[in-house]
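Listed here are the chains, written in short residue letters.
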Amino acid sequence: MEMKDIIKPENLVFKKTSLFTEKPLSYCPGCGHGTVHRLILETIEEMGLQAETIGVAPVGCSVLAYEFMDIDMQQAAHGRAPALATAIKRLHPEKFVFTYQGDGDLAAIGTAETIHACNRGENIIIFFVNNGIYGMTGGQMAPTTLPGMKTSTSPFGRDTEIMGNPLKITELVAHLPGTYYVTRNAVHTPAAARKAKKAIQKAFEYQKLNKGLCFLEFVSNCNSGWKLPPVKSNEWMVENMFPYYPLGDIKVPSL
Amino acid sequence: MAKVKGAIVVEVERCKGCGVCEPACPQDVIKLAKEVNGKGYNYAYMQNPEECTGCANCAMVCPDAVITVYREKVSQ
Ligand SMILES: Cc1ncc(C[n+]2csc(CCOP(=O)(O)OP(=O)(O)O)c2C)c(N)n1
Ligand code: SF4
Ligand code: SF4
Ligand code: SF4
Ligand SMILES: [Mg+2]
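Protein chains in written order, with our numbering: chain Y, 1 to 255; chain U, 1001 to 1076.
Among the hints, a few may not be true.
[Claimed, not checked] Covered stretches of chain U, going by a simulated chain Y footprint (3 or more residues, C-beta under 8 Å):
| # | stretch |
| --- | --- |
| 1 | 1004-1017 |
| 2 | 1020-1032 |
| 3 | 1062-1074 |
If you are wondering where the hints come from, they were derived from the structure by calculation, not from laboratory data. Predicted model only: the values in this text are computed from it and were never measured. C-beta atoms are modelled at their ideal positions from N, C-alpha and C, and glycine is treated no differently.
Using the sequences plus the hints, can you model the full thing?
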């Protein structure tokens, strides 16, 4: 069978979602940000919510998410995305509202906004991409940096005696009554990515119920900050990030 | 017996040569080329196209969404 007999419109099984703009993603090769973007956009497209969804971009490598996602978007000051999303959702309760944030944005400068939005039970989704580092600014230590992990501001590794322990903010917000669905995923393998997409679909479904905040963490890589090639960084993530940030549901709705 | 034959199309100039698709392919089809694209990246291509089943695993992990997948059922 010739290639041209297979490559025909009627045989199409996967193509890039039309909710990506034409702009090439600004992320480093192999960075999980791109995959998480894609899964969110595929879900919005499949659920027919392009005109009903408003996203809030953070400060961090994904600051330009609004350039890539062909939906209505705002961009918040560093860490303030949950506060801005709160305002948007309260003014437009019929819209589907989400934030997209890195760990420096969400678990360092934005800790207060994160915790209070979760505690108030705002009817928004928070997509949290945790790569354990400040990727955008040159790989500085984040609250989520692993014990012993080398970064540009912990060149001998994170010393927990001096720098404290990594903040498991996802477990923390799961304790708050305002969160409805809290789960941790990854996107480094086809199975993990498919599972992550199911979680994203659920979060959009749950937003219709107005029962509180859905908090979805994605453990991800930062090839540049970790100073590893993409495939190696995924292996490092499995070996080092997953034991500390185990994948799976943390809080599921009792339906 | 019904069998599936697959094929992928990589948008070469947008591929960043990250190689994340390689370990995702159960058939060992997708590999990075020795040649580079306009940006200097070793882009992904089908090294053994006969083996592709169109499972879309590669596309599922491609951060830049540059892979399109086709699948055809063939009866033998
Ligand atoms: C008020 C303010 N303080 C500090 C910065 C510098 N800054 C930009 S991005 C960033 C951290 C981003 O890290 P993260 O949220 O983990 O995103 P990543 O790039 O890793 O995806 C910092 C500290 C800023 N832009 N604004
Ligand atoms: S610096 Fe890290 S987080 Fe930012 S795009 Fe590159 S790999 Fe991704
Ligand atoms: S995962 Fe995508 S961008 Fe990376 S090498 Fe494969 S096709 Fe290219
Ligand atoms: S569609 Fe499946 S078999 Fe074909 S190249 Fe991609 S991962 Fe490999
Ligand atoms: Mg980060």
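We went through each hint and held it up to the structure:
1. Coverage of the stretch 1004-1017 of chain U by chain Y holds. Counting CB-CB distances below 8 Å, 7 residues qualify, and the rule asks for three or more.
2. Residues of the stretch 1020-1032 of chain U with a Cβ under 8 Å from some Cβ of chain Y number 4, which satisfies the need for three, so the listed coverage holds.
3. Look at the stretch 1062-1074 of chain U against chain Y: 12 of its residues bring a Cβ nearer than 8 Å to a Cβ of that chain, three or more, so the hint holds.
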